[in-house]
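Dock chain B against the given chain A, drawing on the hints supplied.
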Amino acid sequence: MMAYIIRRVFYAIPILIGVNILTFLLFFVVNSPDDMARMNLGMKRVTPEAIEHWKQERGYHLPLLYNASAPGADKLTETIFFQKSVKLFRFDFGSSDSGRDIGYDISQRMWPSLAIAIPVLLVGLLVNISYALLIAFFRATYIDFWSVVLCVVMMSISGLFYIIGGQYLVSKLLHLVPISGYDTGFNSIKFLILPAIIGVIGGIGSGTRWYRTLFLEEINKDYVRTARAKGLSETRVLFRHVLKNALIPILTGVVVVLPLLFMGSLITESFFGIPGLGSYTIDAINSQDFAIVRSMVFLGSVLYILGLLLTDISYTLVDPRVRLS
Amino acid sequence: MISHLVILLTDALIFLLLLLSIVFGIYASRRAHLRRPWGLVVRSRVGVGSMVVLAFYLVVGLLDSIHFHPLSQPADGAAEQTRSTEVISLFDSMVSGLRTRQEKTYSAPLATHLYAKESIELADGSTIRDFPRLQHAGVHLPDPAQKTADILKLSAIGILKGIAVSVVAVNTLIMLLAVKARSNFGEQARRVLLATGSEIPWRVVLVVLSSMLVLIFWSAELAANYHLLGTDKVGEDVFYQALKSIRTGLVIGTLTTLVMLPAAVMLGIMAGYFRGWVDDLIQYIYTTLNSIPGVLLIAAAILMLQIYMSNHAEEFNSLVERADLRLLFLCIILGVTSWTGLCRLLRGESMKLREVDYVQAATAFGVSHLQIIGRHILPNVLHIVLIAVVLDFSGLVLAEAVLSYVNIGVDPTMNSWGNMINSARLEMAREPIVWWSLAAAMIFMFTLVLSANLFSDVVRDAFDPRLRSSR
Chain A
18 MMAYIIRRVF YAIPILIGVN ILTFLLFFVV NSPDDMARMN LGMKRVTPEA IEHWKQERGY
78 HLPLLYNASA PGADKLTETI FFQKSVKLFR FDFGSSDSGR DIGYDISQRM WPSLAIAIPV
138 LLVGLLVNIS YALLIAFFRA TYIDFWSVVL CVVMMSISGL FYIIGGQYLV SKLLHLVPIS
198 GYDTGFNSIK FLILPAIIGV IGGIGSGTRW YRTLFLEEIN KDYVRTARAK GLSETRVLFR
258 HVLKNALIPI LTGVVVVLPL LFMGSLITES FFGIPGLGSY TIDAINSQDF AIVRSMVFLG
318 SVLYILGLLL TDISYTLVDP RVRLS
Chain B
33 MISHLVILLT DALIFLLLLL SIVFGIYASR RAHLRRPWGL VVRSRVGVGS MVVLAFYLVV
93 GLLDSIHFHP LSQPADGAAE QTRSTEVISL FDSMVSGLRT RQEKTYSAPL ATHLYAKESI
153 ELADGSTIRD FPRLQHAGVH LPDPAQKTAD ILKLSAIGIL KGIAVSVVAV NTLIMLLAVK
213 ARSNFGEQAR RVLLATGSEI PWRVVLVVLS SMLVLIFWSA ELAANYHLLG TDKVGEDVFY
273 QALKSIRTGL VIGTLTTLVM LPAAVMLGIM AGYFRGWVDD LIQYIYTTLN SIPGVLLIAA
333 AILMLQIYMS NHAEEFNSLV ERADLRLLFL CIILGVTSWT GLCRLLRGES MKLREVDYVQ
393 AATAFGVSHL QIIGRHILPN VLHIVLIAVV LDFSGLVLAE AVLSYVNIGV DPTMNSWGNM
453 INSARLEMAR EPIVWWSLAA AMIFMFTLVL SANLFSDVVR DAFDPRLRSS R
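So the sequences go chain by chain: A and B.
Mind the numbering: the first sequence is residues 18 to 342 in my numbering, read in order.
Mind the numbering: the second sequence is residues 33 to 503 in my numbering, read in order.
Excised from the complex, chain A in its bound form:
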């Protein structure tokens, strides 16, 4: 088991290097730092000195890959590639284009993101599984049919509509919770409850339909027929046998997104003014802060790869048929 995990971790390294090179290409080669400076300073009436100054301040004045003017080993380290890309491997994100420490910002902002992402995941899972089980219990009846119709309809509504509609109905008309904002500690609950509920509702359509398919696939298998044949009640069959086996794909689907919960949800956070990593990314995109976007790309990739690793491990834990090889 240990050897397997170690091998998987080593397998992740070339992928991370690939991601790193890709972001480097995208951010520094496709467009030169000069272009970025001109963009940030405004297009017209930019003096070369101002561009040079802007680059100097942010460390973009170095050569891309090879610094011929630096002494010794610095020829390789005093470059944009080493300073801006290689250092990401140590989770040293450096400072943003506006001068703030990215690492500190991320450590501060991941908590609000988690505070909303975890309830959405857990409650959503509970709601979707229960609803899907209910449909599976009433399979091939009108309840089944109309539930599937409802799911497809809910899937077809844009997530933006749930947010805008929910905000309008609950906050503006009914005045139940504030429209947006955030607070520390337990005071934050009144800000979090609406986005969490909307997050759950937005996920019901696709989630329930997917779980229903999983349940119905299990329900047709031989062991379920055996369980019925030996006289178990339908609820017992559903909960003890079907649910347990269908949980394997559900679980692995959940595990892969677990690490990504840190990244937060872009849309929800920016709508509700929650100072998490999602709104951090959006603000960076809107203010064209390349350092932050670059860091978030790298962080996101690391977390995704971690998610894949966890999925593989959890598979072997819950399903003894899967052998590590």
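Hints were generated in silico from the structure; no laboratory data involved.
Incorrect hints may appear among the rest.
The following label-pair restraints were derived from C-beta to C-beta distances [claimed, not checked]:
1) A:218 x B:343: 42 to 52 Å
2) A:66 x B:160: 54 to 64 Å
3) B:444 x A:189: 20 to 30 Å
4) B:87 x A:189: 38 to 48 Å
5) A:186 x B:50: 53 to 63 Å
6) A:86 x B:387: 55 to 65 Å
7) A:182 x B:50: 31 to 41 Å
8) A:186 x B:152: 30 to 40 Å
9) A:42 x B:444: 21 to 31 Å
10) B:199 x A:243: 57 to 67 Å
11) A:107 x B:137: 34 to 44 Å
12) A:42 x B:383: 23 to 33 Å
13) B:129 x A:218: 52 to 62 Å
14) A:165 x B:222: 26 to 36 Å
None of these values were measured; they are calculated from a predicted model.
Even glycine gets a Cβ: it sits at the ideal position worked out from N, Cα and C.
Quick look at chain B alone, frame taken from chain A:
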């Protein structure tokens, strides 16, 4: 006329796609194993119903994809007409009234007055603050109080026209069916309307078709005299914007899969067929691309495009071309983030197929790899490609709205549901609120996505026997 056509990149690709689908349709209709699943699709009531709705969207999208320079109004004294520099589409010229009738600012759906008070100078020289009359809505009414009666009258006319046209359409269709089935008209009509003896649910087709026609004629009648869905901040007709957005949605939904298809199909089949280091390399490429969160990759790429565009502003002849290039680029980058799923599926499937007897036999006969892939592997994975294309469509249409909301979607000057929703964010905070932009975008998007979802469900069930049996 032809010399003044403007062919945008996305236009060319859309018609290429149309051509490809027609070619594929002819190819599929000659092969029994491909004809059969399509037969199942058209025999499902949900399938044909959603197809009719999608067809209407498609027609608007295609009409909106033929661009040209219109003739400008001849200036006083000028002898001949000149071509104007602006680019409009065939659809624009068909609904030209909607495009040109601009108000000052917001007005509610079917309103006769603006939504904001203004100082109005009266005939006697004094000024009052009131809601001014709209310049283009209900102008034929001497007294705005007659509005309700007028709207009812127009609705009745529109609905009657719609019914008349759909009666003609229904009769023509039944006649054609009767000719084809070599039966007489009355018998064929009985079969179709009572849904007996006919395998294809024509009744559903007719009902959906007629209701769409009635709806179209009704809205056309009202939109000609009022702003059916109101006007936006700069006074543009919201109904027109929502209609124009159809093309953007369709382009994103279809071209994205078109641009990613060659790479996904080629790499997926190669990985599964050749195995070994080819497989390792391709797996490495798609795992790497996949591990970058999609939204962030799109954001980074669009940021870079913006820089490129602002530094090379002189390369673009017009705003339309610029917006079009950005749309195409968005399709490409969305394709880059979404091809990995299909690639993985194809890899698995070709891995299975290469062990099948007939492929083994072909290998033993010394048939080249290229021929084996072309003759044996590719035709057998086509259904997976098709399902992926259809399934991706609705997700991409929804994604466009979200991306435009974050400002990393289509150009802000382009009509799209995402941009409409984006502007609605501020309108919802107004007092009293302006809800019609949001509502219009949502209704149009919802109808398209819902019918696409229903259609893709039917297609998947028809092509994937494993799923069908478990239902």
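Worksheet item: Which of the stated hints cannot be reconciled with the structure, identified by number in ascending sequence?
Response: Failing hints, ascending: 5, 11, 13.
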